[in-house]
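Engineer: Please put together the full structure from these sequences, using the hints given.
If you read the protein sequences in the order shown, they are chains A and B.
Note that our numbering has the first sequence beginning at 1, numbered continuously upward.
Note that our numbering has the second sequence beginning at 1, numbered continuously upward.
To be clear, the hints were calculated from the coordinates, so they are not data collected in a lab.
A quick note: this is a predicted structure, and the numbers were derived from the prediction, not measured.
Glycine residues also receive a C-beta, built at the ideal position from the N, C-alpha and C atoms.
Check each hint, because a few of them may be wrong.
To be verified - Below, simulated DSS-like cross-link-like pairs (lysine-lysine); rule was C-alpha separation at most 27 Å, straight line:
{"no.": "1", "chain 1": "A", "residue 1": "Lys-197", "chain 2": "A", "residue 2": "Lys-268"}
{"no.": "2", "chain 1": "A", "residue 1": "Lys-197", "chain 2": "B", "residue 2": "Lys-137"}
{"no.": "3", "chain 1": "A", "residue 1": "Lys-268", "chain 2": "B", "residue 2": "Lys-259"}
{"no.": "4", "chain 1": "B", "residue 1": "Lys-4", "chain 2": "A", "residue 2": "Lys-268"}
To be verified - Among chain A residues calculated to face chain B with C-beta under 8 Å, some are:
{"no.": "5", "residue": "Ser-103"}
{"no.": "6", "residue": "Tyr-145"}
{"no.": "7", "residue": "Cys-165"}
{"no.": "8", "residue": "Gln-168"}
{"no.": "9", "residue": "Asn-209"}
{"no.": "10", "residue": "Glu-282"}
Stated by the list, open to error - Listed next, the stretches of chain B that the computed footprint assigns to chain A, with coverage defined by at least 3 CB atoms under 8 Å from CB atoms of chain A:
{"no.": "11", "region": "83 to 92"}
{"no.": "12", "region": "126 to 136"}
{"no.": "13", "region": "141 to 154"}
{"no.": "14", "region": "221 to 234"}
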Amino acid sequence: MKNGVWLLAISLLLLAACQFQFGQQTQMPPYIATGTQALDARFQPTSMNNIYMCQEADLLLMLKNLGTADIENGVYSFILEDQVIQPTQKRERQKTFNLEGKSQYNPTGGIQQVALKVRNPGLPSQLEVYDTPVIFQACYDYETYAGVPVCIDPDLRNLNPQKTCRAQLTSLGGGQGAPVAVTRVEPSMTPDGPNVKPTFVIYVQNLGNGRAISQDAVEAACGTSETATLESRVDVNVQLQDEQLDCTPRQARLEEGKETRIVCRAGKSYGQLEGTFSTILEVQLDYGYMNTAVLPVTITRLPGQPPC
Amino acid sequence: MKDKNMKKSVMAALLLVALLACQIQPSKQAPQPTDFRTGSQGITLQFVQNLPPSRMYDRDPFNVMLQIENVGTSKIGGGGDRVYLSGFDHNIITGIGMDGMPIPILDGRTAFISRGGFDTLNWKGQIRSLTDKRIDKYQPLILATACYNYETIASAQVCIDPQPYAPTNVQKVCTPTTAGTGSQGAPIAVTSVQVEPQPSKTRFIINIQNVGGGNVFRYGTQYINKCSPYSPGLAFDEVDFVQFTDVQISGTSIKPTCKGLDKDGHVRLVNGAGQVFCEVDAQGQTAYLTPLNVIIRYGYRQSIAKPIEIRAVP
Numbered sequence: 001m002k003n004g005v006w007l008l009a010i011s012l013l014l015l016a017a018c019q020f021q022f023g024q025q026t027q028m029p030p031y032i033a034t035g036t037q038a039l040d041a042r043f044q045p046t047s048m049n050n051i052y053m054c055q056e057a058d059l060l061l062m063l064k065n066l067g068t069a070d071i072e073n074g075v076y077s078f079i080l081e082d083q084v085i086q087p088t089q090k091r092e093r094q095k096t097f098n099l100e101g102k103s104q105y106n107p108t109g110g111i112q113q114v115a116l117k118v119r120n121p122g123l124p125s126q127l128e129v130y131d132t133p134v135i136f137q138a139c140y141d142y143e144t145y146a147g148v149p150v151c152i153d154p155d156l157r158n159l160n161p162q163k164t165c166r167a168q169l170t171s172l173g174g175g176q177g178a179p180v181a182v183t184r185v186e187p188s189m190t191p192d193g194p195n196v197k198p199t200f201v202i203y204v205q206n207l208g209n210g211r212a213i214s215q216d217a218v219e220a221a222c223g224t225s226e227t228a229t230l231e232s233r234v235d236v237n238v239q240l241q242d243e244q245l246d247c248t249p250r251q252a253r254l255e256e257g258k259e260t261r262i263v264c265r266a267g268k269s270y271g272q273l274e275g276t277f278s279t280i281l282e283v284q285l286d287y288g289y290m291n292t293a294v295l296p297v298t299i300t301r302l303p304g305q306p307p308c
Numbered sequence: 001m002k003d004k005n006m007k008k009s010v011m012a013a014l015l016l017v018a019l020l021a022c023q024i025q026p027s028k029q030a031p032q033p034t035d036f037r038t039g040s041q042g043i044t045l046q047f048v049q050n051l052p053p054s055r056m057y058d059r060d061p062f063n064v065m066l067q068i069e070n071v072g073t074s075k076i077g078g079g080g081d082r083v084y085l086s087g088f089d090h091n092i093i094t095g096i097g098m099d100g101m102p103i104p105i106l107d108g109r110t111a112f113i114s115r116g117g118f119d120t121l122n123w124k125g126q127i128r129s130l131t132d133k134r135i136d137k138y139q140p141l142i143l144a145t146a147c148y149n150y151e152t153i154a155s156a157q158v159c160i161d162p163q164p165y166a167p168t169n170v171q172k173v174c175t176p177t178t179a180g181t182g183s184q185g186a187p188i189a190v191t192s193v194q195v196e197p198q199p200s201k202t203r204f205i206i207n208i209q210n211v212g213g214g215n216v217f218r219y220g221t222q223y224i225n226k227c228s229p230y231s232p233g234l235a236f237d238e239v240d241f242v243q244f245t246d247v248q249i250s251g252t253s254i255k256p257t258c259k260g261l262d263k264d265g266h267v268r269l270v271n272g273a274g275q276v277f278c279e280v281d282a283q284g285q286t287a288y289l290t291p292l293n294v295i296i297r298y299g300y301r302q303s304i305a306k307p308i309e310i311r312a313v314p
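Structural biologist: Here it is in structure tokens:
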């Protein structure tokens, strides 16, 4: 009897523990095309930002590609006040770099460490302490790719009340994994005889913490302090159902803190025989981008220290 | 001796158990015809579970299976009755035609058949690669639209009183009042028949309503074809019309007396409701009950939708 009771109790425990889990959905791969950052450049806390006169110091930076586009042949450079701080090896001052973007295989994106050894050649005799900034600049080509769901609706008179979608404003929040983001798309079905020609007003904006520049200026931009003269331009390329749309302007100029408006017209007409359907508007923006990081460095002369 | 008695007792017990168990069943009544002309639907559409699944990957086959059941009382299928799939980009989901799938012939419910005909319709397509187009996901709303011709047959008991205002106090079998008819196993229902008696003539106001939740349009092949989501669509003078095929009193057609019909016998529904006015000459001296039959036919469109997500395979 006792054995029977024990057996029953153990069986019940096992049944309770071994729950069959039905209907659990397979985990989806993460959706990576979000965010408004490209390159994230940060001086590491281990960088020596307080050095003594004549001393050498190591500056360390971590570069991360937080966007979805790969950075290829990007250029970085250090801007230093050469009289008080110099790289120990001149060739380290400016280099090219490559960083993989986020993907479903690599959701965090590429990471790279950059090191620069600097040295203070000396301070003028009247100075005991001197503050100087070390400026890190990175310039690279980047790309924004946005797949915007839009509705093609040739039924302008709403003769069919049971439609799957309606042509209306689509707001895109959170970015597309790049600093220049498509913020909203306004569709409009322009009558073309009995058919319609879709027109899309696309709004883009620089939401990253750097600066968009034209692709031609990428190489020249790094290493110059005259960045104010560089124009913020993006090349626009829009496709609908494998057909290129005619966009105005083709090269959009971005303004700080403001949306830029681009109007794209489809060449193809859509008739009611094609019905109302949803599809993807493919927006590709090509541009250069520039990021900056600053490390304030303090150089101190020790009491009675002789020149270097 | 004892054994014999024991055996007898066991046999007796067994016999008693058998008698108790095998009760004589009272004779069952023959099945009675039920009032089958009820309900407000013509057909029901339902996506078979996981066909399509809510989430798919690109380059997968795209299979859709739709269950269609005739829950009304009229036969459907054949002719121009079709079901269409729409709402998606045919460049991304390929292999699905725009001319729809014909609805097979499905019988309606009858007095002795409580369930109408049902069948499944199957589409097979293919999802194009999204990775090549750098699209992460595509989320269309798949719409299945059924376009079919249907018929409503409504029967109401109405009272005809040839002498409604007779001065003498004669006991009458009935008093002419509004006959409520409910729904008749079809999406267009005759909701009520108002009876207005007059000396030697009785008028009927037949009220109809779209109770099915879909869209009604003119009866005819040319209109059924225009119902497709891939057509220019039905014009404003083609939707919300039903055709009065016949109105009968005691088997005699009174349709020629009906007002509110156009030259093809169609009446327009406004906000889903309509009225037709018919009359009959009332013969005799005494009131009597008689059946009024109304037969209406029309085209009907109804849809169901299913949202799906197609993800690009990395």
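Engineer: Could you work out which of the previously given hints the structure breaks and list their numbers from low to high?
Structural biologist: The structure breaks hints 3, 4, 8 and 9; every other hint is satisfied.
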